[in-house]
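Here the protein sequences line up with chains A and B, keeping their order. According to my numbering, the first sequence is numbered sequentially starting from 1. According to my numbering, the second sequence is numbered sequentially starting from 1.
Quick caveat, the hints were computed from the structure, so don't treat them as lab data. What you are looking at is a predicted structure, and each value in this text was computed from that prediction instead of being measured. Among these hints, one or two may not hold up.
[Unchecked claim] Calculated Cβ distances over 10 Å to all of chain B for the following chain A residues:
#  : residue
1  : I196
2  : D234
3  : K288
4  : N310
5  : D365
6  : T366
7  : K384
8  : K389
9  : G391
10 : K442
11 : E450
[Stated by the list, open to error] Taking lysine-lysine pairs in the DSSO-like style, the calculated list, with each CA pair at most 27 Å apart, reads:
#  : chain 1 : residue 1 : chain 2 : residue 2
12 : A       : K202      : B       : K321
13 : B       : K8        : A       : K83
14 : A       : K384      : A       : K418
15 : B       : K168      : A       : K154
16 : B       : K168      : A       : K302
17 : B       : K396      : B       : K369
18 : B       : K57       : A       : K303
19 : A       : K342      : B       : K56
20 : B       : K56       : A       : K83
21 : B       : K57       : A       : K302
Virtual Cβ for every residue (Gly too), placed ideally from N, Cα, C.
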Amino acid sequence: MARLIFEKSVAGSNKFKLPSSEVNEVALENNIPANFLRNEDFILPDISEVETIRHFTDLSTKAFGVDTGMYPLGSCTMKYNNKVGEWSARLPGFTNVHPYQPEETVQGALELMYELERMLCEIGGMDHFSLQPAAGAHGEMAGIVMIKAYHNNKGDTKRTKMLVPDSAHGTNPATANVVGYDTIEIKSNEKGMVDIEDLRSKMSDEVAGIMLTNPNTLGLFEEDIVEIAQIVHDGGGLLYYDGANLNGIMGVSRPGDMGFDIVHYNLHKTFGTPHGGGGPGSGPVGVKAFLADYLPVPMIEKKGDQYSFNYDIPNSIGKVKNFYGNFGVMVKAYTYIRALGKDGLREACEHAVLNANYLMHHLKDTYHIPFDRVCKHEFIATSKHQVDKNGVTTLDVAKRLLDYKYHPPTVYFPLIVKEALMIEPTETESQERLDSFIDSLKRIAKEAEENPELVTTSPHEAVVGRLDEVTAARSPKVKWEAT
Amino acid sequence: MRFTPNPKPVVEEMLKSIGLNKIDDLFVDIPNDVKLNRDLNIPDEMSELELTNHLKKLASKNLTTDQHVCFMGAGAYDHYIPPAVDQMLLRSEFYTAYTPYQPEISQGVLQAIFEYQTMICNLTGMDVSNASMYDGGSALAEACMVASDSTRRKKILVPDSIHPEYLKTIQTYAISGKMEVVVVPSKDGITDSEAIISMTDKSVACVVIQQPNFLGNIEDITNIEKAIHENKGLLVMAVDPFSLGVLKSPREWGADIVVGEGQPFGNSLSFGGPHLGFFAADKKFMRKIPGRIAGQTQDPEGNRGFVLTLQAREQHIRREKAGSNICSNQALNALAANIYLSLIGKEGLKQLALRSHQLAIYAKEQFEKVGIKLKYNQPFLREFAISVNSPTELNKKLLASGIIGGYELDGGMLLAFTEKRTKEEIDKLVSLIGGENHG
Chain A
1 MARLIFEKSV
11 AGSNKFKLPS
21 SEVNEVALEN
31 NIPANFLRNE
41 DFILPDISEV
51 ETIRHFTDLS
61 TKAFGVDTGM
71 YPLGSCTMKY
81 NNKVGEWSAR
91 LPGFTNVHPY
101 QPEETVQGAL
111 ELMYELERML
121 CEIGGMDHFS
131 LQPAAGAHGE
141 MAGIVMIKAY
151 HNNKGDTKRT
161 KMLVPDSAHG
171 TNPATANVVG
181 YDTIEIKSNE
191 KGMVDIEDLR
201 SKMSDEVAGI
211 MLTNPNTLGL
221 FEEDIVEIAQ
231 IVHDGGGLLY
241 YDGANLNGIM
251 GVSRPGDMGF
261 DIVHYNLHKT
271 FGTPHGGGGP
281 GSGPVGVKAF
291 LADYLPVPMI
301 EKKGDQYSFN
311 YDIPNSIGKV
321 KNFYGNFGVM
331 VKAYTYIRAL
341 GKDGLREACE
351 HAVLNANYLM
361 HHLKDTYHIP
371 FDRVCKHEFI
381 ATSKHQVDKN
391 GVTTLDVAKR
401 LLDYKYHPPT
411 VYFPLIVKEA
421 LMIEPTETES
431 QERLDSFIDS
441 LKRIAKEAEE
451 NPELVTTSPH
461 EAVVGRLDEV
471 TAARSPKVKW
481 EAT
Chain B
1 MRFTPNPKPV
11 VEEMLKSIGL
21 NKIDDLFVDI
31 PNDVKLNRDL
41 NIPDEMSELE
51 LTNHLKKLAS
61 KNLTTDQHVC
71 FMGAGAYDHY
81 IPPAVDQMLL
91 RSEFYTAYTP
101 YQPEISQGVL
111 QAIFEYQTMI
121 CNLTGMDVSN
131 ASMYDGGSAL
141 AEACMVASDS
151 TRRKKILVPD
161 SIHPEYLKTI
171 QTYAISGKME
181 VVVVPSKDGI
191 TDSEAIISMT
201 DKSVACVVIQ
211 QPNFLGNIED
221 ITNIEKAIHE
231 NKGLLVMAVD
241 PFSLGVLKSP
251 REWGADIVVG
261 EGQPFGNSLS
271 FGGPHLGFFA
281 ADKKFMRKIP
291 GRIAGQTQDP
301 EGNRGFVLTL
311 QAREQHIRRE
321 KAGSNICSNQ
331 ALNALAANIY
341 LSLIGKEGLK
351 QLALRSHQLA
361 IYAKEQFEKV
371 GIKLKYNQPF
381 LREFAISVNS
391 PTELNKKLLA
401 SGIIGGYELD
411 GGMLLAFTEK
421 RTKEEIDKLV
431 SLIGGENHG
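Sequences are here, hints too, so could you generate the full structure?
This is the structure:
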């Protein structure tokens, strides 16, 4: 059983030491009233440095990252995280800089942010980007708050609804709710696209806008995007682009050219910055020129050779977090874009799309493919055949994949497809890896027929067996307590 | 540099095997009028050698806290970070992982989060912590949303002694219409408790107090806590976690929800981010807390394991009913905090706070000797404001002498003292400021 760092604690083994004091060792009580001081004791581990290092090294061996193996997690774009980006973000000239230093002492950081903003604009076909949001969902929120501020500013306050397709990421309706909109769901048609007639019937002067992902979460390009944009714009709404799937069109097509007014990117997806086991991310938000005045502050300006922050944006929604966003992540994204260059960015997209289509094609005899047409960077397979014949579910297939040393695809999403496996190989997988992944999925399908129990009781090779998530939620134990 | 492993002949073979002739066939579903049909206007790819030189040059245009002595705090602090922290973060299994959706192969990440949650609970005295938030400011905004949602009241009372960027962030979140932010002016560098108490009634969702506050002063929350709880509202605190080894814990103050900026725990300044917001609360808010939470469970053989739990709160399941749209956390930054706290331990945390305090007191005494007064007459831990006439001019002068000065206030300057500062550095600071007779 895995021991927690608290359970490895041995009183007196922490040897932390400060330099000897050069100033008077006054007691806290001399200057701070006693009722402001802590009475209640607390526990931190008391552990030696070597045991601390062994503990975290051990934990790292129980984590699966892109460097560990293939990570085809749909809508998450788990591409290889290049090492030069990890190096550059650690340059002391970037890490050891205080956010409130005078602007003339941070010209390198500002130049990098300014150049990154320009490149993000070009990639998305937008006019301005604010680098402030700390994650994709944070960028979404900034975008939807801008929509609200825009309509409010025009005195158009009856727009209380936000359109969201039923195939959307869960963050979209959640964001709409957080910003104070009622979500109106738009149906998908039998081709997996936004149902134009349903959209038309739901568009009204009470609709503030639409939140769309394109390619959508089924991995399909919304072919009617120009018409969708027309319908929403004609009704006075704005189009918001969820950039989670940008990798499927990068360098080939741009949301700004499709009619989107606001865009967010996930730098940790499309631009290859590591996601750190859940974060940090970064979610820059971009707009067409007519919305420039609404962007969160500060924006970066260039005058001559000098860069500066501009907080004076007339209708700005304000601050979305402290300081200037996740700068360290921006350094990695900047490094990524400069490493690839214009041809490399397009090639990344092309190879991501090729890899996805290659997997889809070679899996379609084994797994059910609900939308069998050219996909973008990801596609949906399902375990329909396996469930129907052998009672083996998508969850079982995913857990069995762990035994084959693959991170499973995204499962049971989008919600509109039963038993969905959402597979996104990314451009950084070789044909050999893809073949081996196909082979593993085929072997699991065979196991499902010959020995279904082997699959339904998996994983067998992981550090723990299948974990009981129901009990975890029913009687939550969310911290360690000394017994 | 490219990171696409399949060379041209392999690409052609792959295309052929799926019945296509050329790459463009993969994009036939994109209407021609929304295709770019030209190259991106972005520079060409760089070799790694060119790129590393280019980035070194950019980085060298920034002045760093290695070259200069930093007395700047105001929400981001120049603490010493043991090299062991970064060495562990560089284990690529940690940093190249995604959110741990598949727990059986993510036990390392999940256990690290569970340990981090325990540390935050222990330090704050609260029952539940989430896996972390974007940063202190946005965590505070989310805390206000939880307060507003759980009390079904809109009014949020905020003294202007909180970090100005925290305040601006709450105001942005309030555009939703779910909160009404009322700013209460402070008195002598601390919250005007009389004003807050007189405004506290049954329409107030919460009072927000930062501890120590933005100006470094320690707030007495005793009466505010009574007033807000008598009216069935909540006490939301934003605390500097660095202070929690020695200052009264939020639980002792009677807080319901506690947030803060975890950067002082092993995270570099990094020009303001990525940092680490933390979020802890009383157990009655367990199902309302935003963000990820790791929980303990077991496998069929009874082995302990960890999973992301209480996901019914979250956007993946509740969609338009979710109270927060947050679906990431600052896992790697939280890991840094976990490693840092393990390396320094409880006594280390207390010693660090005490040493910073002693350096600050020394600085205060030296300032007073040369006639520079503190702007406020309040107890502080490691950060305080001095009264000076032209802080901008003064900062320029300090910079010319190799010192990153303080945060500029109206008629003052906010200075922070971490364990990294030395007597000699403080003497130099005082002589440079004192020589100007700014008092």
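Please flag the earlier hints that this structure goes against, numbers listed from lowest up.
-> none
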